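Residue-level listing of the chains:
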Amino acid sequence: DGGITQSPKYLFRKEGQNVTLSCEQNLNHDAMYWYRQDPGQGLRLIYYSQIVNDFQKGDIAEGYSVSREKKESFPLTVTSAQKNPTAFYLCASSIPGNYEQYFGPGTRLTVT
Amino acid sequence: GDSVTQMEGPVTLSEEAFLTINCTYTATGYPSLFWYVQYPGEGLQLLLKATKADDKGSNKGFEATYRKETTSFHLEKGSVQVSDSAVYFCALMDTGRRALTFGSGTRLQVQP
Chain A
579 DGGITQSPKY LFRKEGQNVT LSCEQNLNHD AMYWYRQDPG QGLRLIYYSQ
629 IVNDFQKGDI AEGYSVSREK KESFPLTVTS AQKNPTAFYL CASSIPGNYE
679 QYFGPGTRLT VT
Chain B
2 GDSVTQMEGP VTLSEEAFLT INCTYTATGY PSLFWYVQYP GEGLQLLLKA
52 TKADDKGSNK GFEATYRKET TSFHLEKGSV QVSDSAVYFC ALMDTGRRAL
102 TFGSGTRLQV QP
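Protein chains in written order, with my numbering: chain A, 579 to 690; chain B, 2 to 113.
Don't read these hints as lab results, they were simulated from the structure.
Computed from a predicted model, the values in this text were never measured in an experiment.
Be aware that one or more of the hints could be misleading.
[What the hints assert, rightly or not] Over the 10 Å line for every Cβ pair with chain B, so calculated as not near, a few chain A residues:
(1) Asn604
(2) Leu605
(3) Asp632
(4) Lys649
[To be verified] Label-pair ranges, simulated between beta-carbon atoms:
(5) Tyr40/B - Arg591/A: 39 to 49 Å
(6) Lys661/A - Lys57/B: 41 to 51 Å
(7) Gln112/B - Thr688/A: 29 to 39 Å
Think of the CB as a built atom: it goes at the ideal place given N, C-alpha and C, for glycine as much as any other residue.
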């Protein structure tokens with residue numbers, strides 16, 4: 579079955595540690611996105627990539643980094659510079675020219 | 002910049018009641034509009050979409066019409082079920098970034 583996988587579903591880290599969230603898709607989509615969701619709020623765009631080896635900052639990129647070395651993968655690193663990293667992180671992908679985005683199941687990150 | 006405003010929730014209805022969730026937007030040009038649904042602990046699923054003015058998106062008994070004159074995309078369903086209980090997000094596509102701008106979400110609770 580085609581889809582987007584994010585792992586793990588729950589992640590716990592100590593403050594000051596970097597952590598990498600996985601996002602893999604087998605939909606053959608060129609574009610991939612990372613969003614952050616906080617309780618009672620909508621999703622906010624962290625980073626996006628329209629093509630392999632290229633990515634752009636979204637609205638809240640500070641404290642995060644990404645890479646796009648393969649079409650299928652778009653990992654997100656939450657660095658120690660991110661002041662409030664505890665949140666629900668969602669990855670999405672889409673076909674160029676087709677604006678419908680497909681979402682993964684999300685990773686809930688808790689930093690204490 | 003682009004923005005989406007949704008009615009605040011939670012919206013609590015009895016089964017078989019009529020549902021309206023209001024959504025208005027501010028954007029340059031005529032963006033594509035979407036409704037996504039999020040069930041507890043899960044990612045987002047596309048519910049319906051409309052890509053131009055006067056288009057009506059529909060799916061699973063839900064409908065929304067793209068109203069250019071009022072910059073609105075209100076979600077409606079004639080008879081809700083307990084299984085419709087979820088958080089509903091209105092979103093528009095930023096044609097430049099090809100990324101979604103979301104409203105804050107509206108929680109719907111349907112009681113038997």
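These are the hints, each one checked on the structure:
For Asn604/A, the non-interface assignment is confirmed: its Cβ lies about 16 Å from the closest Cβ of chain B, beyond the 10 Å cut-off. No Cβ of chain B comes within 10 Å of the Cβ of Leu605/A; the nearest lies about 13 Å off, and the non-interface call holds. The beta carbon of Asp632/A is kept farther than 10 Å from every beta carbon of chain B, the shortest such distance being approximately 13 Å. Remark: the non-interface label on Lys649/A is consistent with the geometry, its nearest Cβ contact in chain B lying 16 Å away (cut-off 10 Å).
For Tyr40/B paired with Arg591/A, a C-beta distance near 26 Å fails the hint of 39 to 49 Å. One distance hint, 41 to 51 Å for the beta-carbon pair Lys661/A and Lys57/B, holds here, with the actual separation near 43 Å. The hinted window of 29 to 39 Å between Gln112/B and Thr688/A holds, with their beta carbons roughly 31 Å apart.
Violated hints amount to a single one, hint 5; each of the other numbered hints is respected by the structure.
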